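Let the sequences and hints guide you as you build the complete structure.
Below are the chains, spelled out letter by letter.
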Amino acid sequence: MEYVFSYVTTEGAVRKVNQDSLFIAEAAFEDDKVLFAAVCDGVGGLSSGEKASGFVCKRMNEWFADELPELLRCSASVLKIRESIDDRLHELNDSINSYAEKHASDMATTFTGILIIPHMNVLLTAHVGDTRLYKITENEIKILTSDHSVVGQELRNGTITEEMAEKDPRQNQLTNCIGAGLEDTSYDYSISEFSKGDCYMLCSDGFRKKVSADELKVALCPSANKDEKTIRSNLEKLKNKVIQCGEKDNITALMVKLC
Amino acid sequence: MAGNITTKLLYQGCDTFLQAVLKKRDKINEKQLQFINGNTDKGFLNARWEKTATRNVLKYNVSNMTALSEYIKQTMPQDKYFAILSQFQKIVEFCMSATIPYDNILLNDLKNVYFDVEKQKLYVAYLPLLENGYRSANMIKFLNKLNKNANITITNGTVMQKYSFFLEEQMNAQKDKGGFISPKSLHTVLHDVLMVPEAAEQQLSSNAAPVNIAAAEVKSTAPADDDSDHTILVNRNRNADCLAFLKDENNREIPITRFPFTIGRRPDNDLALTDKGTVSKEHAVITCSDGSFYIEDKGSANGTFLNNCTDNAKRISKEQLNSGDVIYFCDVPYVFTVNASDSATVIVGDKNGAAARKADPAMAKKIAYLVNSSSKERIPVFVYPFTCAELSGLIIGRENNGSRHSIFIENISCPSLSVEGCEVPSGEKTSIFSGCNFLYHGIVYTFYEEN
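From first to last, the protein sequence lines stand for chains Z and X.
Numbered according to our numbering, the first sequence spans residues -10 to 248.
Numbered according to our numbering, the second sequence spans residues 16 to 466.
Hints are not guaranteed to be accurate.
With a straight-line cut-off of 25 Å between C-alpha atoms, the simulated PhoX-like cross-links for lysine-lysine are [claimed, not checked]:
id, chain 1, residue 1, chain 2, residue 2
1, X, K126, X, K444
2, X, K391, Z, K131
3, Z, K124, Z, K5
4, Z, K124, X, K391
5, X, K126, Z, K69
Cβ-to-Cβ under 8 Å is the rule here; a few derived chain Z residues that face chain X [said to hold, decoys possible]:
id, residue
6, S66
7, V67
8, S179
9, I180
No lab work stands behind these hints, which were simulated from the structure alone.
Nothing here was measured: the structure is a model prediction, and the numbers come from that model.
The C-beta atom is built at its ideal place from N, Cα and C for all residues, glycine as well.
Next comes the structure, spelled out in C-alpha cells:
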C-alpha cells in the first residue's frame, strides 16, 4: 500500500494563534507501509490549547515510533494495539490534567487519528472530541466519527434537527476530550474496512463548518486528487473558501489517499 | 443424505422465534404438525410452517423461554437436573406411544431445546416432515452434552457417577445405532437405578390445566423449589391484557397490571427486587395518567436513570416513558414496553405470517448490534449485560475499569471463541469495540456500536 497525503493548517482570519496540531507518519514494515495520522484541536486560554494539542501529537508520534514496531514484531492483535493506544491517550490525559493543575489553567485537546496496517488489513480509528474523520470514495462521503459536542449529542438524541444544529450557538462546547480535568473518560475506537483508491480526510471543526458535505465530496473525491500537489491545492481552495465564508476559528485539514 | 439443520433466532414484534431452515424439497407432514401443535402441553414447541418463494421454514415460538444451553449454566441442584432429564424422557416416551418418529426431535444442539422457567418445563422442537433427511436426533450425544455443560450442585455423588457411567456405556455400545436410547431404558436408569422421583407426571398434568390455575400453583411452589435463579413469575396470558410490561435482562416479561406500579427491594412491591442490594426498599413507581406513562423516583438512595446508566447520567425525579425506554433502578435495567396489542402502529402479519409486523419498539433504542456474517442478520443489543440464545455461552457487558468504561465479551462456557484472531478461553474476557470481529462456533460476528 502506498499513501499520498498533504495538509493545510492556518490560524485563520481572526485568531492570532493556531491551536490545531497535526502529524502524518509513515513507516515501512516488512514489505508494506504503515501509516499513522492525526489532527488535534487544542482548547484553552493563552497558549495552553496549542501546548495541549502539540503535546498530544508529539507523544502519539512517539508511540508510533517506539511502541508500535515492538507490537508489530511480536504480531500483536489489533486488540492489543488498541489497548496500547488507549493506555497512551489516558496517560496523556493524566499528564495534561496535572500540568494544568500546577499552572492553574484550562487545557484540553481533541484527538482524531487513523492507523492503517495493510498486512493486518486493519484501519483503526481513535477519536475524542469534535475533530472529524471523513471517508471519501467516488460515490459518497461518510463521517466515520461522532462528534463529542453538546450539539452533536443533541442531534444524536433527536432533540434538535440538522438545520438547528448548524445555527446552534453552542458550537464550541465539547462533551469529551483529552484534558480539561476529566478523569472518567473513554475514547471511541473502531475498525473499518478500506481499499485502494479511498481518500481519508481528518479536519478540525473550523474546516468543515462553512462547507457542505457535497462540496467536500466534489473537491476531495479520489479521481480529483491524483497526487500530493492536487490534494494540497484542493485543500487550499477549500480553506480559502471557508475563510471567505467568515470562519473565525483555526482551520486544519489532512488528507490521505490510499493507492 | 444426513446434514445438520440450520437454526437461528428471530425477533419479530414482541415474540422470539426459533427458525429452522428446511430444504426446498422437504415435505411437511400436515398431520404431524397438527398433532404436535395439539400436544404442546407434552413438551413440544408450537410450530408454524412457512413457505416462501425462496425457502421453507419452520418457526417455533420460544417467547419467554430460555435456551436449555443457557439455563443449565446457572447452578442448579442435582434433583432439578434429573427432573429435566425425566421430562425429556417423558417426551421421547410420548413420541413412542404416539408412533411419531422420535428421530424428528431437533436435538443437534442444546440451544435448540428450550426451557420455560416460569412453568419449569422443557420444550423440544419437532420437525413434522414426511421424510427426515437431517441428522437431528443423536440422543446420546445430546445427553452427554447436557451432562458436560450443566452446572450442577452435586448432592449425591454416587447417583451422578452412575449416570455418567450409564452415558459412557451407551456411548460405547451404540456407536452404530445413531445414538438412540430407548425411553424405556432411560426410564429404568432414572427411576429404578437412580431413584429419581417421578414428579414430572404430576407437573405435566397440572400444566395442562388452564393457565391461571397453573400459575397459582407455580407461584406457591416456586420460592421453596428454587430460590437460586431469581425467577420472576410471568403469566403470559395476562400480558395480553396488561397495558405495558417491563422486560428484564433475560427478556422475561413482567406485566404492569395496575397503576401505580411500585418497584423496590421490599417483597410487597409490585416488582420486588429482593436480591438487589443497590435498589432501595421503595425505589420507584410507574404511573399512568391521560394515556401517558410516567416513571417517578421515590427518593431512592442510588437513583433511577432513564436510557443512560453511565456515571455522569442524571438521576430522574419524574419522567414520561416511551415504549422502548430503558429504566435503570440504580444499575438494574428494565426495558419498558407498551403492550403491542394496544399500540396502533403494529401491523399484523398476513395469513402466511409473512414478516410484516413492525419491529419491536425496544429495538429502535438499541445501543449496539451484532451482525452475523453468514446470514447477515442483525442482533440488537439494547441492554448490558447482553446474552442471547444464538450466542449461548457468552456475555457482552460493560465495565468500569478505574477511569475507563469498556465493552467486553466474556466466554462463560463456549468451546470455541476468538476475538480478532485471539483465542478467548472459557472463563476469560476481552474488551471489544466497534468493528471488532469475533468467531463463534465457526461463524464470524461483527460488533457495532451505534453512533
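In rising order, the numbers of the hints this structure does not comply with: 3 and 5
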